[in-house]
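J.: If you read the protein sequences in the order shown, they are chains B and G. The opening position of the first sequence corresponds to residue 1 in this note's numbering, with each subsequent residue numbered one higher. The opening position of the second sequence corresponds to residue 1 in this note's numbering, with each subsequent residue numbered one higher.
No lab work stands behind these hints, which were simulated from the structure alone. Where is the CB? At the ideal position from N, CA and C, for every residue including glycine. Be aware that a few hints might be false.
Distance condition first, Cα-Cα at most 20 Å in a straight line; then the derived SDA-like pairs of lysine to any residue [to be verified]:
#1 G/K92 <-> B/T345
#2 G/K92 <-> B/I335
#3 G/K2 <-> B/T251
#4 B/K154 <-> B/I51
#5 G/K156 <-> B/M347
#6 G/K2 <-> B/L469
#7 G/K156 <-> B/T345
#8 G/K23 <-> B/L452
#9 G/K265 <-> G/M392
#10 G/K23 <-> B/I335
#11 G/K151 <-> B/S350
#12 G/K151 <-> B/M347
#13 G/K23 <-> B/F453
#14 G/K23 <-> B/T345
#15 G/K92 <-> B/L343
#16 G/K156 <-> B/S350
#17 G/K156 <-> B/A346
#18 G/K151 <-> B/A346
Okay, the calculated bits of chain G under chain B, using three or more residues with CB under 8 Å as the criterion [said to hold, decoys possible]:
#19 6-19
#20 27-36
#21 41-54
#22 92-98
These are the residues of each chain, in order.
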Amino acid sequence: MERRTLNISSLKKSSSNDTVAQELSIPKNLNLNLGENIRQIKETVGNSNDIIIREVRIGKSKKQLIAIIYTDGLADKGIITDFIMESLMLDCDTTAVSDTSNVIQFLKDYCLTVGDVKDIADFKALYSSILNGETVILVDGYAKGISASTKSAKDRAVTEPTTESVIRGPREAFTETLRTNTALLRRKIKDPNLWIESRIIGRVTQTDVAIMYINGIANDKIVEEVLIRIDRIDIDGILESGYIEELIQDTTFTPFPTVYNSERPDVIAAELLEGRIAIFVDGTPFVLIVPALFTTFIQAAEDHYQRSDVSSLIRILRYLGISISLLGPSLYVAITTFHQEMLPTAMLISLASQREGTPFPAFVEALIMEVAFEILREAGLRMPRTIGPAVSIVGTLVIGQAAVSAGIVSAAMVIVVSLTAICGFLFPAYAMSNTFRILRFPFMFLAAFLGLFGIVFGIIALFFHLCSLRSFGVPYMSPLAPFIPAEQKDTILRFPRWAHLTRQRLSNSRNMTRQQNPLKNKIKG
Amino acid sequence: MKRRIAQLLLLSLALLLNGCWSKNELNELAIVVAIGVEKVDDEFEISVQVVEPSEVSATQPSTNRTPVTTYHAKGSSIFEAVRSLTILTPRKLYLAHVQMMIIGEELSQQGVSDALDFFARDHAIRNDFYIVVSSETTPKQVLETLTSLEKVPANKMHNSIEVSEREWASTSAVQLDELIKNLSNKGNNTVLSTITIQGKTELGTNQSNVENVDTPAKLQYSGLAVFKQDKLIGLLTEEESKGYNYLKDKVKSTIETISCPDGRKLSTEVIDAKTKVKGKIKNGIPSIDVSVRVNQNVAEVDCNIDLTKIETINLLDKETSKLIKENIMNTLDTLQKEFKADVLGYSEALHRADYKEWNKIKNEWVHLFPELEINVSVDVHTQNSGNTQNSMLHNTKE
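Just chain G, same shape as in the assembly:
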């Protein structure tokens, strides 16, 4: 009995020895929600966006401070720059809740993989934040722009890229692990979404930006950026980005607008799209078959058309399929002829299809890709026409 008590006392002494090791109180942390990385004159420039909790909380009254603050620092490596931020910030930076990472144009043109090692290696940083490239602007300016509706701009960027990938299909939400996996494959080709500032950049940094009904400066996602060997080589337009997403089987929902026989427009909502890619190598010549299957609903009818007839529906199917195929062919054209970059993973598809044959030709892939024969077939199926059948204005228009 006495021994038991003695053992217990010794154990509790051990607790006192370690104290509160690695303890962080909540009000000692500077919560970083977005990081921007740019290369300026051979040095890395890091910008961080830090939340001011009292401004964002629901209960306490807000003063006139902005909900976020940014800090910038330069260093010869990213880690050095991050640590040197401590001479600016009043608290230790807490990187575990980063939502977005923005890579500058300069750095992307020099090679984006330089920036990634620190973020993959550090134990406190998650790998589920999205990576985008800033276009026609710098990460610093993007991080300094205030947004309406979302107090924390990083949240706006995070939500926006997820929702637009799901509903509009012209962006691609790429996380750190996916990016590293793509870059470490042979071929080193990948895409990232781009973000720009629409409107007057310099007005975005002020609190007055969000005090207007129509904010003068808005953060907007534009087309996709294409990388070859981890260097930025060009941007795709929004239509081409959509085509890219069709090719990569990433479309969940989007809009297609076709012309009716009488010249007016009809919009359909794609609710389901599935793409199958099959590789073939015949006599040493590779080819790819892409088959896209799309389910859609009629969303908006502006023309004089009778939707109760089966012929009309077949016409819609045909027209939409023609439109989507055209878009995809344009995208392939750009990627093959203009950029000459295989961002679609077709090398893997061919590897999967015929491993032996692929091994013979894989060293020539860089030259083979621009000439690659890609057969696209699109199959569209219209399911329903929404809550009404024929447009109510059917009869009032000629």
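For reference, chain B alone in the conformation it holds in the complex:
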């Protein structure tokens, strides 16, 4: 019998542009004949009745045939009616139009009273314009067209961010429209050096992607690398920035995120001032930031808006909570199973009395409770708004309490697990809290098999892994490893504002100075 082997390289070869081009077989160039163009358009879009094709005659003798094509819903009909149709049909100087030398140039120069116009040379650009909400004007007898910008301004209003809330600080969040988002960012950074590079990614979705950075502060090499990676993306659709995140990140085999995302303009602006690069994706309010370091995910925007002493203490609390969230259940399992001599005698007796009669070993108990809490948490996310809170309260309190009363788990276990879960919410960045949720389980396994030795082994392995990660070439754990003393002022503690004189070395190229002199000028006299 012949053995069939899977040839991975052969699979890779077959996926290429050919199949996709076959699906979207678009004839390349426009025809001179308007009727032929319209026929081809109708063939390509099929029965879609929101692509509107309006044929009119303009010119004094009403002889010049043009077609106005737009998408109902994406284009602003008011602008089309008032500025395009009206100016073309009524106000256009008719005599000059009959002069057929260059109708298109004439229309562009004299008749179209809209903001920006572009030339259309082929079908691909035509569809791209129409599906972006612009209006295309095709002229009979010419193999070119004009595209006028009539994008509808219908947009979700700028509201409060849903995932990152602060007590003190701005309360606006990005929306789904790319242009609104870039505008919100421009309002924070009014410097002409804030550059935008736009790309269109996704063969079927044709999503607009904008890469913004401050020229002169951002590291040129990283900017280049980002653009190379984005241009390398070859995928059929981009629906959310998460797709791009996965396609441009450094390593895939790590639970730690190396690309930061946020829906707050002030956070993005702060990162741009540090010399990082923002990637906006049309259709999602979540903007990506590269390169992202470990400390980026532990810091919150609010740390910079509150006073420095309060922020430093809260940061220390956050680091403590993070360690509890990772090691809480594992430490409990390890100490009560292997190292009972570490507990004070009174506590040992109390814990022993709670475990009398419970059937499972401590590790199995921990696993049951952790899995139950994860299930409750996920279910709480998908629950309809009306019954969500009630069920989550029922779930956590009652089930936990009932499990203790039934003698299935011990009370101390419920305390440990709920404390761990609450500490997991200390992360300002949701992406990182998921990481620690995942990592908790291997640590519990290590604790159950090898006790404290296993936990220390796991921590060492974790540190090895973290120190080997890079985000776009920048070491993930800097400025802690490699230890850069000048940058410690914003890592674990936050020093007061007058101490922040320079920017981070590894993310920046030329512009290292943030402020010239310390702001503590004493008034003399």
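We have chain B; now place chain G onto it with these hints.
T.: Chain G in isolation, oriented as in the chain B frame:
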């Protein structure tokens, strides 16, 4: 990439190989809080006091069980006896939380160091538990006595010896490492506290002991036991034990009661005591100078005395110093003449003072100690008189 995954899988297989080696669940352990060692007819008899966790816990309702249980076994060595306890106990004995060790009189008279090797050698046993000798009773009976206020009697013994050493200074809380260090020095002399049962012993073992307002049987610490060459030779009274603690610079706080000129009593609280010992060897004759410095407060005044005058305070100082010196001299007398045991470490003091001279006479130390000249000077300083100056009843008494 494939190699990485393969390596990771192999590593996790290794985890499965070792399983949960040396795992002990909490409900598989019998937590031992006190151990008693006694020698009966050339065999060691071990008693252990084991906690019943469900009785001691704060949350669960208690049944009518006692909070602790005891088990006893005999063996030709201590380790054998401990292991043979497994035919009695339902769970494995967990010795890491032992609070107290009680040595029987019989064993102490035969030599207490026989009992110590196992406890020093075993890896699971701590060395921070206190060792006491049972006097006029056996360790078995001590461990079986229930106490009021503390559900676990070992806790009561542990707390009591610490607090009484600190506040009353008639006991000495000796841990295993200290005891072994003392015994391994030349001279082999040491002291241990003693514990007895006050009241009717046989009533102490019943739950009804703690169901009375005044428990019929109570565990009480009495004076110190003096050992010579690791054998028990005698007991000191409470006053002499206090003197011993003064000599060893172990007094943190205690009470001294003196008589006023009019015959009534006045009590002072010693808040600070420091003893300096200096050795001297002159012409081959050793002598020790002991100087004690004591700070005290007036604690209770029962006599007609005016505390506002400086002369009164000086009188108090003098009287207290006389009293303490008398006590110390009595203790030294007992130790030198009656027991002839150097438990005070004076051999080391002389060694430190004059090493060459000491080397000449150290072989004669056993004979020299009873004749040793010890000069004691006590300096007392009264600091304040509490919240009131003169007694409010000053005027109502004549």
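J.: Taking the hints in turn, state whether each one holds.
T.: Against the structure, the hints:
no.: 1; hint: G/K92 <-> B/T345; verdict: holds (17 Å)
no.: 2; hint: G/K92 <-> B/I335; verdict: holds (18 Å)
no.: 3; hint: G/K2 <-> B/T251; verdict: holds (15 Å)
no.: 4; hint: B/K154 <-> B/I51; verdict: holds (18 Å)
no.: 5; hint: G/K156 <-> B/M347; verdict: holds (17 Å)
no.: 6; hint: G/K2 <-> B/L469; verdict: holds (19 Å)
no.: 7; hint: G/K156 <-> B/T345; verdict: holds (13 Å)
no.: 8; hint: G/K23 <-> B/L452; verdict: holds (12 Å)
no.: 9; hint: G/K265 <-> G/M392; verdict: holds (16 Å)
no.: 10; hint: G/K23 <-> B/I335; verdict: holds (10 Å)
no.: 11; hint: G/K151 <-> B/S350; verdict: holds (13 Å)
no.: 12; hint: G/K151 <-> B/M347; verdict: holds (14 Å)
no.: 13; hint: G/K23 <-> B/F453; verdict: holds (13 Å)
no.: 14; hint: G/K23 <-> B/T345; verdict: holds (19 Å)
no.: 15; hint: G/K92 <-> B/L343; verdict: holds (18 Å)
no.: 16; hint: G/K156 <-> B/S350; verdict: holds (17 Å)
no.: 17; hint: G/K156 <-> B/A346; verdict: holds (13 Å)
no.: 18; hint: G/K151 <-> B/A346; verdict: holds (11 Å)
no.: 19; hint: 6-19; verdict: holds (count 3)
no.: 20; hint: 27-36; verdict: holds (count 4)
no.: 21; hint: 41-54; verdict: holds (count 3)
no.: 22; hint: 92-98; verdict: holds (count 3)
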